[in-house]
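Number of protein chains: 2
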Amino acid sequence: MPLSRRIKKIQAKLRRKKIDALLVTQPHNRRYLSGYTPADHDIGESSGVLLIPAHRSPLLLTDFRFKIQAENEVEGIEVMLYPKGLLALLKELLPDLGISSLAFESHYTLHAVAEKMRVMAGKIGITLLPVEGMVEAMRLIKDEEEIAKLRSSVLLNELVFQQVFKTMNPGQTEIDIALSLESTMRRLGAESPSFESIVATGRRSALPHAVPGLVAVEKNQPLMIDMGLILDGYCSDMTRTFVPGKRDAKYLEIHRLVRRAQLAAINKIRAGVSGAAVDKVARNVIAGAGYGDYFGHALGHGVGLAVHEEPRLSSRNRKHLRAGMIVTVEPGIYLPDWGGVRLENIVVVREEGCEILNQDTTWLDI
Amino acid sequence: MPLSRRIKKIQAKLRRKKIDALLVTQPHNRRYLSGYTPADHDIGESSGVLLIPAHRSPLLLTDFRFKIQAENEVEGIEVMLYPKGLLALLKELLPDLGISSLAFESHYTLHAVAEKMRVMAGKIGITLLPVEGMVEAMRLIKDEEEIAKLRSSVLLNELVFQQVFKTMNPGQTEIDIALSLESTMRRLGAESPSFESIVATGRRSALPHAVPGLVAVEKNQPLMIDMGLILDGYCSDMTRTFVPGKRDAKYLEIHRLVRRAQLAAINKIRAGVSGAAVDKVARNVIAGAGYGDYFGHALGHGVGLAVHEEPRLSSRNRKHLRAGMIVTVEPGIYLPDWGGVRLENIVVVREEGCEILNQDTTWLDI
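Protein chains in written order, with the working numbering: chain F, 668 to 1033; chain R, 668 to 1033.
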């Protein structure tokens, strides 16, 4: 879908709700609607906001550091700078554009900033309307162009894993492997990792969010690698667990159980099934074997421009999946005194089932 | 200062203001007060919050993924999980603890979350109070233990630069050098870079916000490297500019001018002088030589657990510096058709002057 169609959809929504404009502060939403690529270093350090009036073409408001990049990246969107800060510009600009009601993204605006906006809006007689998820609702369903980008991201991520796997050698630390993953990602053309890689050896693999350490990878113990990259804006996310050296019966039991749970979930996924129902199928497999207490997180999450987005495959998501949604399927078992196994793939929800974007099953079926 | 003393100071402040508890959501503040190290992947994906009641010991509220890490890292702080989310836990916990007024960090709470908290607070009859910078005010002044950590971070950062410098070779791209910096940081024990390294060659060094590209480093042209790492939580931040190959008279003129501006600022810094006054001294040196229009950013910023924090050395900061503050001193000159030179060191404000934490002057005095 061309970006201009996305903008038009938002404008139509604003007109239906009788809102004069939407201020887009969330970086992925900004990119989705404008093509402007910078991430924000921090929510307190914005690289710009998109102002979408209901009745005229949008504006990208930013500061001098991003002027050239903004002008190169956006089309049909006027770039305007705010040398005295965003609020000072809005105070002048909103009345000029005849905007008297402004929606802002409540879920990506700091409380302190919203308070300052409220004061500014009061001075110029503008109504502020907090909204949540207006753009995210569009991002939830991916079109085939987006699915193709996700697929490329997933395949490049697999290629990175394969290349790094070949160069792995005894004596490497978790950090060595994490660095090797990240530099291979960038050399093969990724914009960046989509999150900080997890590389966890032995018992450390029982920490579901382990940070790589200066810790030598243990032979004959589980090694968990959770990695992802950003390609053309779209995030991949994949976990593989395996044993450098010899795996024992216990490892095989746990690994195969996690894989069975993953396949059961994948078989369940299709349009019309709830996120909770999919989570339950995988959880039942693991609980049925007596490990229910050791699978303490949700089964999966949406992925797209953000590495974690809606929908969730979790007991709390009663909503039905819809065709074009993209989710991870990542059951895991974590035994504190032994280690953990998590296996994670990405699938596209289709009307009659789902499409697995991952191709490499080397480390899944053992 | 032991963490328990920091907690006690906050509790004393709460009691003076007659507030029953403070909810700490900002990740650096959380670490400063508790020793709990995780960063947040995103403001919407917290790895936990610290609840500090005025009259009893604090609690770290987190989820299952961080349980083991939290229990390992904190002392004298009860770890409690929120399987149904933070708000559901607070709704039960606050009345149990007899808390009827709760301060929250307005500058690190999303508007949408604050609204949900307001509804929850209404139901259980609790008063919510937005506060800004209560913990940051403490972080502003570093004690000798923190200064020692900052010093170690600065020295390790210099060592990384020296090691990478030795391995630099013709044909390398900006990205090659950036990756080499980051992997050397981690191999030498840094937690992570403190920001994405800037490596900018030739005219690209005139872009104040350059992102490393697949661009070969040009011989006989300026090369600007702005890099920092996190060691034991504390951030370093250093810029060096030099010329691979032969430097010409123009380069020498600009470089020496920037260095003179830096030294003038360093000579001015001491407790009781304003951030604006220090900025002005450096700016006057550069403006006096006719380059005033090409130094378009503030002279420096505070550094500590965050790589950018208060105080600012900028024309807008009229407040006096105080002993124990730590700031960068980083004048620069950026000529669009030529390139840029920025030189950045970190200093500690002392009563009678300042202490430069950097030791290596190789690329400063030329």
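There may be inaccurate statements among the hints.
No copy is singled out in the list; a pair is fine if it fits within one copy or between any two copies.
[Stated by the list, open to error] Here are the simulated DSSO-like pairs of lysine-lysine, each with C-alpha atoms no more than 30 Å apart in a straight line:
#: 1; residue 1: Lys751; residue 2: Lys913
#: 2; residue 1: Lys680; residue 2: Lys783
#: 3; residue 1: Lys758; residue 2: Lys816
#: 4; residue 1: Lys685; residue 2: Lys758
#: 5; residue 1: Lys917; residue 2: Lys680
#: 6; residue 1: Lys685; residue 2: Lys986
Derived by calculation from the structure, the hints in this document are not laboratory data.
Predicted model only: the values in this text are computed from it and were never measured.
Treating 30 Å as the Cα threshold, decide for Lys758 and Lys816: within, between, both or neither. Close neither inside one copy (39 Å) nor across copies (43 Å); limit 30 Å.
When no copy is named, should Lys685 and Lys986 be tagged within, between, both, or neither for a Cα gap of at most 30 Å? within (28 Å within a copy, 44 Å between copies)
First find the shortest C-alpha distance between Lys685 and Lys758 inside one copy, then the shortest across copies, and answer within, between, both or neither for a cut-off of 30 Å. This pair counts as within: shortest intra-copy Cα distance 21 Å, inter-copy 36 Å.
Within, between, both or neither, where Lys680 and Lys783 count as close if Cα-Cα is 30 Å or less: Answer is both: 26 Å inside a copy and 25 Å across each meet the 30 Å cutoff.
With 30 Å as the alpha-carbon cut-off, assign the pair Lys917 and Lys680 to within, between, both or neither. Neither, since 55 Å and 54 Å both go past 30 Å.
First find the shortest C-alpha distance between Lys751 and Lys913 inside one copy, then the shortest across copies, and answer within, between, both or neither for a cut-off of 30 Å. Neither way: Lys751 and Lys913 sit 63 Å apart in one copy and 40 Å across, limit 30 Å.
The earlier numbered hints that this structure contradicts are 1, 3 and 5.
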